[in-house]
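Peer 1: Protein chains in written order, with the working numbering: chain A, 233 to 565; chain B, 233 to 565; chain C, 233 to 565; chain D, 233 to 565.
A portion of the hints provided could be inaccurate.
Any copy, or any two copies together, can satisfy a pair, since identical chains are not distinguished.
[What the hints assert, rightly or not] Listed below are the simulated DSS-like cross-link pairs for lysine-lysine, each with C-alpha atoms no more than 25 Å apart in a straight line:
#1 Lys240 - Lys264
#2 Lys347 - Lys462
#3 Lys302 - Lys383
#4 Lys238 - Lys347
#5 Lys550 - Lys434
#6 Lys296 - Lys278
#7 Lys560 - Lys296
#8 Lys547 - Lys293
#9 Lys240 - Lys278
#10 Lys350 - Lys547
#11 Lys550 - Lys293
Just so you know, the hints here were simulated from the structure itself, not pulled from any lab data.
Spelled out, the chains give:
4 protein chains.
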Amino acid sequence: MVVVLKAKTSDEVIAKMVERINKMGIRVQVTKGEHQTILGLIGDTKSVDESRLHDEDHVEKVLKIQEPYKLANRDFHPEDTIVEVKGHKIGGGNLTVMAGPCSVETEEQIIEVAKQVKLSGANILRGGAFKPRTSPYNFQGLGLEGLKMMKKASEITGLPIVTEVMSDEDVDIVAEYADILQIGARNMSNFSLLKKVGRTNKAILLKRGMSATVQELLMSAEYIMSEGNKNVILCERGIRTFETYTRNTLDLSLITAVKELSHLPIIIDPSHATGKWKMVEPMSKASIAAGADGLMIEVHNDPQNALCDGPQSLKPEKFHTLMETITKLHSVI
Amino acid sequence: MVVVLKAKTSDEVIAKMVERINKMGIRVQVTKGEHQTILGLIGDTKSVDESRLHDEDHVEKVLKIQEPYKLANRDFHPEDTIVEVKGHKIGGGNLTVMAGPCSVETEEQIIEVAKQVKLSGANILRGGAFKPRTSPYNFQGLGLEGLKMMKKASEITGLPIVTEVMSDEDVDIVAEYADILQIGARNMSNFSLLKKVGRTNKAILLKRGMSATVQELLMSAEYIMSEGNKNVILCERGIRTFETYTRNTLDLSLITAVKELSHLPIIIDPSHATGKWKMVEPMSKASIAAGADGLMIEVHNDPQNALCDGPQSLKPEKFHTLMETITKLHSVI
Amino acid sequence: MVVVLKAKTSDEVIAKMVERINKMGIRVQVTKGEHQTILGLIGDTKSVDESRLHDEDHVEKVLKIQEPYKLANRDFHPEDTIVEVKGHKIGGGNLTVMAGPCSVETEEQIIEVAKQVKLSGANILRGGAFKPRTSPYNFQGLGLEGLKMMKKASEITGLPIVTEVMSDEDVDIVAEYADILQIGARNMSNFSLLKKVGRTNKAILLKRGMSATVQELLMSAEYIMSEGNKNVILCERGIRTFETYTRNTLDLSLITAVKELSHLPIIIDPSHATGKWKMVEPMSKASIAAGADGLMIEVHNDPQNALCDGPQSLKPEKFHTLMETITKLHSVI
Amino acid sequence: MVVVLKAKTSDEVIAKMVERINKMGIRVQVTKGEHQTILGLIGDTKSVDESRLHDEDHVEKVLKIQEPYKLANRDFHPEDTIVEVKGHKIGGGNLTVMAGPCSVETEEQIIEVAKQVKLSGANILRGGAFKPRTSPYNFQGLGLEGLKMMKKASEITGLPIVTEVMSDEDVDIVAEYADILQIGARNMSNFSLLKKVGRTNKAILLKRGMSATVQELLMSAEYIMSEGNKNVILCERGIRTFETYTRNTLDLSLITAVKELSHLPIIIDPSHATGKWKMVEPMSKASIAAGADGLMIEVHNDPQNALCDGPQSLKPEKFHTLMETITKLHSVI
């Protein structure tokens with residue numbers, strides 16, 4: 233960190249500031265310019281709360297130099313993290329496709345969809361049992377019953393399960409059934425939940441919040457990792473902008489940003505990002521071309537009667553074609 | 233809701249659609265135009281999931297007419313809701329000021345600040361015990377110890393307490409000490425937490441999420457209210473935009489929007505919105521002039537050494553002057 | 233400016249960089265830390281193009297310290313600028329109200345509205361002759377005829393005129409009729425137009441672009457001022473965010489930001505910001521309470537038949553009441 | 233358009249509204265529901281100004297059904313538009329790459345870069361002569377001299393020229409030298425300039441504004457086309473969001489949106505969107521994979537000494553590799 237002092241700050245004040253910062257365990261290098269004095273903070277500034285360096289009377293600006301995350305930081309962990317889930321490797325050049333319905337509706341439905349996406353080459357079965365819905369009057373998911381149905385579909389097909397956990401109180405029960413715990417976009421900054429899943433030994437799929445910067449996403453990963461769980465997979469699912477044609481705006485430059493700043497794998501969810509099934513294929517291809525580690529795609533055998541998010545779900549046949557296209561594309565890239 | 237069909241949709245298809253919608257308990261009025269047929273849905277469409285009306289082949293657009301919230305809707309509850317907390321009335325023309333430090337640090341600090349803000353005319357003591365911090369390496373609040381310290385300050389001054397609850401698992405313990413449970417911006421769409429506080433009998437201060445629309449804010453209030461707790465106070469604390477000079481962008485037009493759409497009280501938090509103590513006074517005055525029901529303001533007796541958010545905290549003397557100004561302004565407005 | 237070098241940058245490279253920067257007329261102070269070397273640029277860095285300091289191999293970050301505008305900067309011009317228009321003073325504690333219809337439609341209409349707003353206490357007549365409309369098929373304004381009608385209304389009432397100029401080629405003709413040239417939000421970064429109006433001796437009302445930061449707004453003012461015209465009045469008219477309930481999001485914290493960073497007057501346009509006449513009064517009051525130098529308000533004698541922006545226009549009677557309210561409020565503040 | 237009336241609107245009022253709308257040349261279909269009456273507007277509503285349908289007392293909502301652009305609309309022009317520039321075809325499945333420096337600096341530089349990008353397979357030479365710079369103190373481009381230098385480079389290499397025109401007054405002179413006139417993001421809603429270039433017979437490259445929706449972009453194209461010039465090429469160059477890691481956020485879903493809504497070609501500018509040369513390759517690949525008609529890429533033979541935008545410019549060797557990659561990718565897609 234660099235603290236830029238206001239013009240005419242006295243030597244006495246500077247000495248006091250240096251002393252205060254030293255007490256935080258940080259060394260300070262003072263540079264006096266013609267107009268401004270600059271304090272360079274030397275040491276591990278990760279735990280220094282930036283706001284404590286401000287001082288209305290004497291401080292002009294506080295500038296950060298280092299990224300505030302450490303465990304998620306590629307600088308300290310140069311090689312790609314590979315998260316292994318029941319033998320399937322996520323990250324490190326492998327292509328992972330998570331597919332399935334927005335919500336589990338019936339045992340028949342989830343088993344049917346699981347079989348079909350497996351056949352098309354998907355690696356992981358997605359499906360919602362606990363659903364975060366904008367309205368309390370909409371279908372909220374089948375809960376525990378849904379988990380059991382997914383488990384059955386998983387046993388039949390051999391596909392590992394990824395499903396969302398929305399509450400601290402549900403972490404244990406969801407972890408009993410799922411192979412990957414999903415933290416939804418709305419809970420990306422639910423720090424209490426992040427800590428809790430950080431104490432499980434399950435892989436965690438962390439979705440980017442609707443208005444989260446890449447730095448905040450990595451800080452949320454850091455919350456999980458700082459509790460001991462290093463198996464974090466990041467997921468971009470669209471951010472909120474002024475554009476209303478698509479449900480959200482898919483930010484594919486996040487892929488490159490994450491690859492540069494972190495060693496964690498990143499997958500893309502074009503279904504939620506666009507909200508339109510017709511956009512799923514082009515955005516899937518773009519994701520793979522940009523270097524994503526995989527995709528999360530909604531597939532439903534009867535989108536028109538889906539209990540949620542029908543308009544963005546692919547039918548199994550379309551998903552099959554998509555898989556052929558992206559597998560070919562991935563081998564070229 | 234209005235469903236606009238694509239040109240050339242056959243009568244047979246239309247009949248099937250009407251049948252499907254009727255099964256949801258909704259009546260349909262069909263209008264055939266020259267180019268387009270429109271289905272008007274009649275009845276309580278609150279629980280109709282919009283996505284279920286889409287149909288790639290036949291539906292052009294689905295347009296909402298009614299707001300999807302009912303309990304929070306002024307149409308169904310024309311008079312202002314007044315939330316009473318230990319005899320103090322929030323809403324309905326009363327001016328409420330919640331003041332105190334970002335976090336409780338020591339017993340002396342919270343008691344000292346409580347006495348001072350009480351003296352200046354504040355009605356409710358704010359203070360953080362469980363703190364949502366972007367970094368896991370920053371101070372996370374004193375937790376239960378902090379609650380106990382606030383309680384003591386409350387007993388001494390008679391000021392009711394508002395404090396944040398971040399986790400389902402903490403709701404009971406926080407409810408034991410606090411008079412108003414705060415749902416932070418990051419948890420506005422933590423539906424599990426909303427339902428849980430909806431089952432308490434405490435007043436709830438619901439902060440707007442960083443990228444939440446007014447409709448989403450009211451839907452979150454609806455989540456709480458649909459569990460039985462009608463004592464919801466809304467709070468604007470700035471939204472996320474491209475502007476970086478202020479921490480967030482304070483959206484004061486929300487006050488008028490809420491007054492038109494809902495009967496719930498709304499207060500403004502200029503401290504978090506701007507991140508700069510110098511902006512707190514002008515934005516407080518603007519809030520009152522725009523018709524807000526109150527303010528939430530950070531006050532710290534030693535901002536420079538505050539464990540969090542010092543730069544946006546007012547010193548007690550400045551808070552005192554602010555209270556004089558806004559009290560006078562409120563009586564004029 | 234501060235240039236943070238990457239770890240392990242050699243002394244030779246550092247020496248070359250210093251030499252390059254010196255050639256730009258800037259002195260450099262080198263600080264070597266344990267992990268990082270920092271170059272502090274000393275001198276007038278206003279004309280240093282930040283991008284020229286980047287260097288993929290050796291530079292970690294370039295951090296700005298000084299604001300890049302000079303003529304618009306309060307640091308170099310501490311007292312408030314007061315713009316005088318036909319004897320009326322804008323800025324410096326005076327309250328200015330610009331009122332009138334979105335577009336001039338007929339001579340009768342503009343004269344009628346001018347008389348009424350004058351009677352209610354408005355200081356300046358607004359009205360559009362050249363209109364920036366999203367659709368080429370919508371009414372584009374009366375052009376020169378509109379200017380002539382406004383002139384007549386101005387002569388009758390004595391109110392100076394503010395009207396928009398959209399094109400370099402129209403600057404001369406608009407300057408012949410108007411007292412204040414308005415640069416619309418869509419043209420805030422039309423640098424060619426900014427330079428052109430900077431060469432007139434008319435007052436300029438510069439509206440903030442829909443996604444412009446406060447710094448960019450001040451840089452656009454700098455464009456005008458650097459051509460010799462110091463009579464710039466800034467105007468906030470709402471920014472573009474994800475919120476769709478209001479047409480734009482009115483950012484009142486801009487008032488305080490401008491007051492801190494610049495000496496130029498700032499007025500608020502609540503009509504365009506909200507798009508709803510019911511919000512005009514509360515947002516006008518909030519603006520005055522926050523310290524704005526004035527307001528720009530749409531008034532139409534027959535909003536329902538207005539050729540543009542009827543829904544956000546006040547009827548003359550409502551404007552009259554508003555003027556009474558804000559005049560009283562301004563005297564209290 | 234559909235106008236939803238408020239509950240209890242009397243038959244008399246409805247009759248008057250219908251009469252008013254009929255006068256605009258539009259027929260109206262009235263549907264009376266239990267709670268609400270809906271007016272369906274039938275006919276060419278393209279020129280109906282939505283705001284004229286609002287009426288505070290009786291209208292609940294005005295809902296648009298048809299898109300407001302016609303010439304740019306795929307519904308009325310199903311096959312892809314192919315813009316031909318000196319024999320090179322843009323759109324319709326062809327891959328177009330526009331490459332060159334941010335600004336023309338010297339004759340040697342532009343000729344050198346032109347030769348190199350030509351050799352690598354670029355189809356069109358880009359370069360700035362009139363530069364829109366945020367600061368009036370930064371390099372503003374060489375103007376006419378720059379155009380002449382580009383012309384020379386064009387004559388030597390045979391590459392057509394694309395360059396920005398910033399002002400109505402410069403349209404003629406720029407059109408004399410350039411083959412494609414670029415409208416920059418800051419001028420996307422400079423309607424006066426759009427009309428002017430719409431009256432030339434040059435191809436127009438229209439960049440999306442920093443906060444423009446897809447509909448607004450197409451309306452700006454409509455402005456150009458409505459003046460007679462149908463040779464419009466759209467260009468996405470990143471939108472403004474809260475994310476600060478990249479300069480802008482590249483919105484690749486725009487490609488699919490444009491392909492669905494319009495017949496115009498769309499190319500992507502990853503250099504300006506990301507501001508980082510390292511992101512140019514992955515985002516170029518993603519653009520092609522998503523179906524873009526081409527790319528616009530900054531190439532500079534000495535990025536570190538470039539007079540603008542060095543950090544986002546590729547060196548000729550890197551551009552060469554990129555061309556190989558995307559040519560291969562394009563043939564696969």
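Peer 1: With reference to the structure, classify each hint as holding or not holding.
Peer 2: So, going through the hints one by one against the coordinates:
Both within a single protomer and between protomers do Lys240 and Lys264 lie at most 25 Å apart by alpha-carbon distance, with minima of 11 Å and 23 Å respectively. Proximity of Lys347 to Lys462 under the C-alpha cut-off of 25 Å is found in neither arrangement, the shortest distances being 31 Å within a copy and 46 Å between copies. In this homomeric assembly, Lys302 and Lys383 never come within 25 Å of each other (Cα to Cα): the closest approach is 36 Å inside a single copy and 37 Å across copies. Taking identical chains as interchangeable, the C-alpha atoms of Lys238 and Lys347 are never at most 25 Å apart, the minima being 66 Å within one chain and 34 Å between chains.
In the homo-oligomer, the alpha carbons of Lys550 and Lys434 never lie at most 25 Å apart, since the shortest distance is 31 Å inside one protomer and 41 Å across protomers. Taking the closest pair of Cα atoms, Lys296 and Lys278 come within 25 Å of each other both inside a single copy (10 Å) and across two copies (22 Å). For the identical chains of this complex, Lys560 and Lys296 are neighbours neither inside a copy (43 Å) nor across copies (41 Å), given an alpha-carbon limit of 25 Å. In the homo-oligomer, the alpha carbons of Lys547 and Lys293 lie at most 25 Å apart only across protomers (21 Å), although the nearest pairing inside one protomer, at 54 Å, exceeds that limit.
Taking the shortest Cα distances, Lys240 and Lys278 sit within 25 Å of each other only across copies (21 Å), while inside one copy they are farther apart (29 Å). Taking the closest pair of Cα atoms, Lys350 and Lys547 come within 25 Å of each other only inside a single copy of the chain (14 Å); across copies the shortest separation is 44 Å, beyond that limit. Proximity of Lys550 and Lys293 under a CA criterion of 25 Å is satisfied inter-copy only: 23 Å between copies versus 54 Å inside one chain copy.
Going down the numbered hints, you'll see the structure goes against 2, 3, 4, 5 and 7, while the others check out.
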